[in-house]
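Just need the whole structure built from these sequences, with the hints factored in.
Residue numbers (UniProt numbering), protein chains in the order written: chain B, 1 to 216; chain Y, 1 to 216; chain X, 1 to 216; chain Z, 1 to 216.
What the hints contain is simulated information worked out from the structure, not anything from laboratory work. Heads up, some of the hints might be wrong.
[To be verified] Distance condition first, Cα-Cα at most 20 Å in a straight line; then the derived EDC-like pairs of lysine to aspartate or glutamate:
| hint | chain 1 | residue 1 | chain 2 | residue 2 |
| --- | --- | --- | --- | --- |
| 1 | X | K118 | X | E160 |
| 2 | Y | K131 | X | D126 |
| 3 | X | K131 | Z | D151 |
| 4 | X | K118 | Y | D140 |
| 5 | X | K118 | Y | D126 |
| 6 | B | K131 | Y | D153 |
| 7 | Z | K118 | X | D140 |
| 8 | X | K118 | Y | D153 |
| 9 | X | K118 | Y | E117 |
| 10 | Y | K118 | B | E128 |
| 11 | Z | K118 | Z | D70 |
| 12 | Y | K131 | X | E128 |
| 13 | Y | K118 | B | E210 |
| 14 | Z | K131 | Z | D187 |
| 15 | B | K118 | Z | D187 |
| 16 | Y | K131 | X | D98 |
| 17 | B | K131 | Y | D140 |
| 18 | Z | K118 | X | E210 |
| 19 | Z | K118 | X | E128 |
| 20 | X | K131 | X | D187 |
| 21 | Y | K118 | B | D151 |
| 22 | B | K118 | Z | E160 |
| 23 | Z | K131 | B | E210 |
| 24 | Z | K131 | B | D28 |
| 25 | X | K118 | X | D151 |
4 protein chains.
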Amino acid sequence: MDNPVLDRRSGPLEQAAHDIVRAGQRMDARAWVPATAGNISCRLPDGRIAITRSGCHKGFLREQDVITVDGAGRPHDPGHRPSAETLLHCQVYRRMPDVGAVLHGHSVASTVLSMIEKTNALTLRDYEVQKVFDGQTTHDAAITVPLFANDQDIARLAGEVEPYFGAMPAGYIIRGHGVYVWGRDMDQALARLEGLEFLLACLLQRRTLEGRTLGA
Amino acid sequence: MDNPVLDRRSGPLEQAAHDIVRAGQRMDARAWVPATAGNISCRLPDGRIAITRSGCHKGFLREQDVITVDGAGRPHDPGHRPSAETLLHCQVYRRMPDVGAVLHGHSVASTVLSMIEKTNALTLRDYEVQKVFDGQTTHDAAITVPLFANDQDIARLAGEVEPYFGAMPAGYIIRGHGVYVWGRDMDQALARLEGLEFLLACLLQRRTLEGRTLGA
Amino acid sequence: MDNPVLDRRSGPLEQAAHDIVRAGQRMDARAWVPATAGNISCRLPDGRIAITRSGCHKGFLREQDVITVDGAGRPHDPGHRPSAETLLHCQVYRRMPDVGAVLHGHSVASTVLSMIEKTNALTLRDYEVQKVFDGQTTHDAAITVPLFANDQDIARLAGEVEPYFGAMPAGYIIRGHGVYVWGRDMDQALARLEGLEFLLACLLQRRTLEGRTLGA
Amino acid sequence: MDNPVLDRRSGPLEQAAHDIVRAGQRMDARAWVPATAGNISCRLPDGRIAITRSGCHKGFLREQDVITVDGAGRPHDPGHRPSAETLLHCQVYRRMPDVGAVLHGHSVASTVLSMIEKTNALTLRDYEVQKVFDGQTTHDAAITVPLFANDQDIARLAGEVEPYFGAMPAGYIIRGHGVYVWGRDMDQALARLEGLEFLLACLLQRRTLEGRTLGA
Numbered sequence: 001m002d003n004p005v006l007d008r009r010s011g012p013l014e015q016a017a018h019d020i021v022r023a024g025q026r027m028d029a030r031a032w033v034p035a036t037a038g039n040i041s042c043r044l045p046d047g048r049i050a051i052t053r054s055g056c057h058k059g060f061l062r063e064q065d066v067i068t069v070d071g072a073g074r075p076h077d078p079g080h081r082p083s084a085e086t087l088l089h090c091q092v093y094r095r096m097p098d099v100g101a102v103l104h105g106h107s108v109a110s111t112v113l114s115m116i117e118k119t120n121a122l123t124l125r126d127y128e129v130q131k132v133f134d135g136q137t138t139h140d141a142a143i144t145v146p147l148f149a150n151d152q153d154i155a156r157l158a159g160e161v162e163p164y165f166g167a168m169p170a171g172y173i174i175r176g177h178g179v180y181v182w183g184r185d186m187d188q189a190l191a192r193l194e195g196l197e198f199l200l201a202c203l204l205q206r207r208t209l210e211g212r213t214l215g216a
Numbered sequence: 001m002d003n004p005v006l007d008r009r010s011g012p013l014e015q016a017a018h019d020i021v022r023a024g025q026r027m028d029a030r031a032w033v034p035a036t037a038g039n040i041s042c043r044l045p046d047g048r049i050a051i052t053r054s055g056c057h058k059g060f061l062r063e064q065d066v067i068t069v070d071g072a073g074r075p076h077d078p079g080h081r082p083s084a085e086t087l088l089h090c091q092v093y094r095r096m097p098d099v100g101a102v103l104h105g106h107s108v109a110s111t112v113l114s115m116i117e118k119t120n121a122l123t124l125r126d127y128e129v130q131k132v133f134d135g136q137t138t139h140d141a142a143i144t145v146p147l148f149a150n151d152q153d154i155a156r157l158a159g160e161v162e163p164y165f166g167a168m169p170a171g172y173i174i175r176g177h178g179v180y181v182w183g184r185d186m187d188q189a190l191a192r193l194e195g196l197e198f199l200l201a202c203l204l205q206r207r208t209l210e211g212r213t214l215g216a
Numbered sequence: 001m002d003n004p005v006l007d008r009r010s011g012p013l014e015q016a017a018h019d020i021v022r023a024g025q026r027m028d029a030r031a032w033v034p035a036t037a038g039n040i041s042c043r044l045p046d047g048r049i050a051i052t053r054s055g056c057h058k059g060f061l062r063e064q065d066v067i068t069v070d071g072a073g074r075p076h077d078p079g080h081r082p083s084a085e086t087l088l089h090c091q092v093y094r095r096m097p098d099v100g101a102v103l104h105g106h107s108v109a110s111t112v113l114s115m116i117e118k119t120n121a122l123t124l125r126d127y128e129v130q131k132v133f134d135g136q137t138t139h140d141a142a143i144t145v146p147l148f149a150n151d152q153d154i155a156r157l158a159g160e161v162e163p164y165f166g167a168m169p170a171g172y173i174i175r176g177h178g179v180y181v182w183g184r185d186m187d188q189a190l191a192r193l194e195g196l197e198f199l200l201a202c203l204l205q206r207r208t209l210e211g212r213t214l215g216a
Numbered sequence: 001m002d003n004p005v006l007d008r009r010s011g012p013l014e015q016a017a018h019d020i021v022r023a024g025q026r027m028d029a030r031a032w033v034p035a036t037a038g039n040i041s042c043r044l045p046d047g048r049i050a051i052t053r054s055g056c057h058k059g060f061l062r063e064q065d066v067i068t069v070d071g072a073g074r075p076h077d078p079g080h081r082p083s084a085e086t087l088l089h090c091q092v093y094r095r096m097p098d099v100g101a102v103l104h105g106h107s108v109a110s111t112v113l114s115m116i117e118k119t120n121a122l123t124l125r126d127y128e129v130q131k132v133f134d135g136q137t138t139h140d141a142a143i144t145v146p147l148f149a150n151d152q153d154i155a156r157l158a159g160e161v162e163p164y165f166g167a168m169p170a171g172y173i174i175r176g177h178g179v180y181v182w183g184r185d186m187d188q189a190l191a192r193l194e195g196l197e198f199l200l201a202c203l204l205q206r207r208t209l210e211g212r213t214l215g216a
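Spelled out as structure tokens, the structure:
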């Protein structure tokens, strides 16, 4: 279990690496992982976290670009360098025991909306697609997506996010940076990412049309 | 005819499942079926309706994600769970005997325009592409696309739509939700969906440029 | 030469059909041929014109969807039905002896700009991409793209276009309808279509930003 | 080494041609090389520069469309015609010894922003994606992208750019024309191009929303 070379041949890690490579291709096709931005992870049955290596393009991942870390974000292979943001993935897995996959992407819509919104959240209301998120059964409730200030100190950023778990059905956004979204497995996480990005694209279009601030 | 397992091997259902899978891929390529949104159906020669199963992503359908229901939306296999919106498909088939395929998609344009429009319809005028719709032979007539309030009670929503059949050459839109479009076969339904979405994209662009309300 | 069935096996028609199918796929990938819109043609060495059949989707053409017409737009096979707009293609070939391919597409940008522009032309200036058009060697000249009112009477529309040949380096636009672009072969025609659509996309974006009319 | 025909079989040129073809396909998929716009180059280990031939579409390059020039932009094969802008590539390689690949693309965002900006630069600030550029370790610094007036006299244009080397971490933009971006190898150059285009898309969206000039 401590030997990532042997582990790589085990079923669950292979499956996770396959799912992560495919998720990266999908996110790239929608232009949500520009340059080397974004990161993607899965929780393995034994509790390890499979996550993309730092610095590679998420649209062209190879299975060897997926490494494993423990719940505190430490790589099992000391030669591996995980992304600094690995801690944010670990936090989601620690706080949400049913979560099996976490996605972090950078879209134009999430970047721009989070930079111009003056309040601390974006509010979604009256969209049928809201029903893709946990606990939502109707379009006519409001969903709140919290916005956090960007910070190169990821532990400090995680501290800001910590109190919001349990009240983020659609994930959260770091200003000027991107979204964090999760699901019980990669398919659900991808569906929710698509749902959130669709809703953000709608919000951005409406603000452009209406010239009003969302928070007002 | 009552055994969906045997039926699945029959020609018409196989053809319908193939057409539905392909239509889902096409709609996904244009980003019209985010998350698990949208649904797609065909009428079989024996009157059954082949329709996508609830909850799956329309861009990654497998043929087994296509199930059959009767004209009242009841699945032939009691283990199958059709989408709640199956009733809206059944309504189109009941009211329009020549229709062979129905598409429901969620685009940014249809969602946003339907949420900001204050009147009960969008009006299309002077577009050459209008000629793709039934009975339209020129660009210089007006086509009206009715807007209905979204409702989680689908039977009630169907009741609102009911009086408009015969006066919806381009389909209809549920506010904040998406479009319903149909055709004599899947190719025609897809062409009309593309035509309508193109026209909605033009409308949205014009409103952005002109800062005027469409209904005014 | 009068037998289209035998002709179909000849080299030039096969090549033209191949080029037309590929051009349709390319235009579809950019969403410039929604529904069954658009048409595509090549001039054959013997003077016949190979053109898309009426009513099919240009993104999914098969070689048998390409038919031949004479210089007056009459099909060589009386069973074939060419698009009504075939006359506009024939006009380009008649007036421009060096032209080998004509493309007609419907983009959101050309549709919207042509509907809101109050003067009779769009003017392009200071764009490097202008150099793709005949006789243009610098960005700092102005190119004029004439706008014609849409008309279901294609012969009358052709009459409106007629005086402008020789002064349309980038093609022309029918209001609410789309662009006509040509080149010595399909590759050049496609490059010019891309160039024009790129410039129209820039114009549309600038108008959105600046809130000014182009003609002013 | 002086025989490009023999050289073509050598490893480094083959690799460069492969990388250039792939980069062109990628840029085309994002619509950054309309018509025959753009050019792409690599530095070979022996100092020659492999660059795209003049006049071909960058999305459909064949390996034979890649030619070699010396550091002054002269083709090794006198029958080859390099693009006039080859000099701008050579300048980057001369001034930046660690650079292995240069990309020049034409996007709608870079074209439009560079034409409407009244100051001599675009400023990027508070975007996480800024970290993709040389020497950037945080989002909260400002990056400046210089804007140069377009000029058909490329030597004169190069003279304008010359003083800015060392202060262009994200590349530069020629007004109404496009971006120049570079990296130690093609993968890094492509990642930076994606990063810059992402940031320009964000700027353009913000200007549209806010109706303010960037330079103000």
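Has the given pair, K118/X with D153/Y, been kept, meaning a C-alpha gap of at most 20 Å?
Distance of about 47 Å is beyond 20 Å: violated.
Does the structure keep K118/B and E160/Z at a Cα separation of 20 Å or less?
violated (40 Å)
Taken at face value, is the distance from the CA of D151/Z to the CA of K131/X at most 20 Å?
holds (13 Å)
Can you confirm whether the C-alpha distance between K131/B and D140/Y stays at or below 20 Å?
Not OK: K131/B and D140/Y at ~40 Å, beyond 20 Å, violated.
Straight-line alpha-carbon gap K118/X to E160/X, limit 20 Å:
Roughly 18 Å separates the two Cα atoms, so the pair holds.
Sort out whether D187/Z lies within 20 Å of K131/Z, counting only the CA atoms.
holds (16 Å)
Is K131/X within 20 Å of D187/X, Cα to Cα?
With Cα atoms ~16 Å apart, K131/X and D187/X stay inside 20 Å; holds.
Can the restraint linking K131/Z and D28/B be considered satisfied, given a maximum Cα separation of 20 Å?
holds (19 Å)
Given the hint that K118/X pairs with E117/Y, does the C-alpha gap stay at or below 20 Å?
violated (25 Å)
For K118/Z and D70/Z, compute the direct alpha-carbon distance and say whether it is at most 20 Å.
violated (37 Å)
Would the pair K118/Z and E210/X pass a check requiring their Cα atoms to be no farther apart than 20 Å?
holds (13 Å)
Satisfaction of hint between D151/X and K118/X, Cα-Cα up to 20 Å:
Holds, at roughly 18 Å.
When the structure is compared with the earlier hints, violations turn up for hints 2, 8, 9, 11, 12, 15, 16, 17, 21, 22, 23 and for no others.
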